[in-house]
Amino acid sequence: METARALEEHRFLERLVGVWDVTASEMTADQQWTEIVRSLHGIWFVAEGNGEMPGGGAATTMLTLGYNAAKGKYVGSWIGSMMDYMWVYEGDVSPDGKVLSLYTRGPDFQNQGAEQDYREQIIFTDDDHRTFNSAAKQPDGSWKQFMEAHYTRKP
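The sequence shown begins at 7 in this note's numbering and counts up by one.
Careful: at least some of the hints might be erroneous.
[Said to hold, decoys possible] Restraint-style ranges between C-beta atoms, simulated for each label pair:
#1 Thr34 to Lys104: 27 to 33 Å
#2 Gly86 to Lys143: 16 to 22 Å
#3 Asp102 to Glu32: 27 to 33 Å
#4 Met68 to Asp27: 17 to 23 Å
#5 Gly86 to Ala12: 26 to 32 Å
#6 Gln144 to Pro60: 20 to 26 Å
#7 Thr34 to His135: 18 to 24 Å
#8 Asn117 to Asp36: 31 to 37 Å
None of these hints come from the bench; they were simulated from the model. Here a beta-carbon is modelled for each residue, glycine too, at the ideal position from N, C-alpha and C.
Model the full assembly from the supplied sequences, consistent with the hints where possible.
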């Protein structure tokens, strides 16, 4: 196996590295959420989030992202202390280089025991601001957004 080397696609993910304050409409003013993103030698990126869940309770999340050159896709996973399901992603960056769309399949939160397709997006506004949203695929093929969080880089 050949040693991986950082490609232009990996460099796109470098924009995530740092410490971020996170806000969402579901959060109250006293709830704080922080995400720390680090690089594993420019090939993999690991984001650990810590904070309080809407409705209460401490939580930790872990997002991994990288680029699989053989697949020509961004790949990753997400786990959170609030659930026992591991989300596995595959996705692409928009032509303008601002949006990473990650696709996955997981539990349907409306129908117990069923699965559903999801799309999560990381949208870069500038070097210090980004948005993360989640959407569920609808029967007509459209995406219905159900969550959005805003990230501001800490100085």
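Checked hints:
1. Thr34 to Lys104: 27 to 33 Å: 30 Å Cβ-Cβ, so the 27 to 33 Å window holds.
2. Gly86 to Lys143: 16 to 22 Å: holds (21 Å)
3. Asp102 to Glu32: 27 to 33 Å: holds (29 Å)
4. Met68 to Asp27: 17 to 23 Å: Check passed, 18 Å falls within 17 to 23 Å.
5. Gly86 to Ala12: 26 to 32 Å: holds (28 Å)
6. Gln144 to Pro60: 20 to 26 Å: holds (24 Å)
7. Thr34 to His135: 18 to 24 Å: holds (22 Å)
8. Asn117 to Asp36: 31 to 37 Å: This hint holds: roughly 34 Å between Cβ atoms.
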